[in-house]
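The numbering used here numbers the first residue of the sequence shown as 1 and each following residue consecutively.
Do not take every clue at face value.
[Said to hold, decoys possible] Pairs of lysine to aspartate or glutamate, EDC-like flavour, derived with a Cα cap of 16 Å:
id : residue 1 : residue 2
1  : Lys64     : Asp152
2  : Lys64     : Glu93
3  : Lys64     : Asp108
4  : Lys146    : Glu120
5  : Lys146    : Glu130
6  : Lys64     : Asp40
7  : Lys64     : Glu156
8  : Lys64     : Glu36
9  : Lys64     : Asp109
10 : Lys47     : Asp108
11 : Lys47     : Asp109
12 : Lys47     : Glu93
Derived from the structure by calculation, the hints contain no laboratory data.
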Amino acid sequence: LRALLDREPAPDDDANAIAEIVRATNQVEERAPRIEFVPDIWVVPVKTWTLPPATHTNVWMPGKGSSVMIDPGSDDDGEVERLLEVIARHRRETGSRPVAVVLTHHHDDHVAGARRAALELNLPVRAHAETLAIVDLLGARVEEIKEGEVLDLGGESMTALHTPGHAA
């Protein structure tokens, strides 16, 4: 629907032309979907080794002028490639530049793709010191996030709150 609404109608639009627009859009959406949870927050479900019955972990991408990628939890090459395609699409369509990979905790289904994503995009991995001490991020830049720190996302902001419980 967005593809049809975001363009100028042509005088010769017919059902076949509209069907082709929908087909082409669906092809892009299947591979690199634009799931905008709320304005300025995209989400990408990636296949992970998580607790059943779940099969995916959501990678959140909040931000306006800048954005962060939260919990890229898949180490599957195809899923990481798809995630990188969505990040490229996010930048093209919104102008938002990714500035960091952020980890909420150290469980594999939240961190497995962090090292690769950070290296491919030349981004630091930001997390609590205890998470950074546990996760294998060899070669990636790391930066601690401290309690109360505010991350400026170009018109949006996030405040770090230490909320232990789900992970030690």
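Which numbered conditions among the earlier hints are violated in the structure presented, ordered from lowest to highest? The structure breaks hints 3, 4, 9, 12; every other hint is satisfied.
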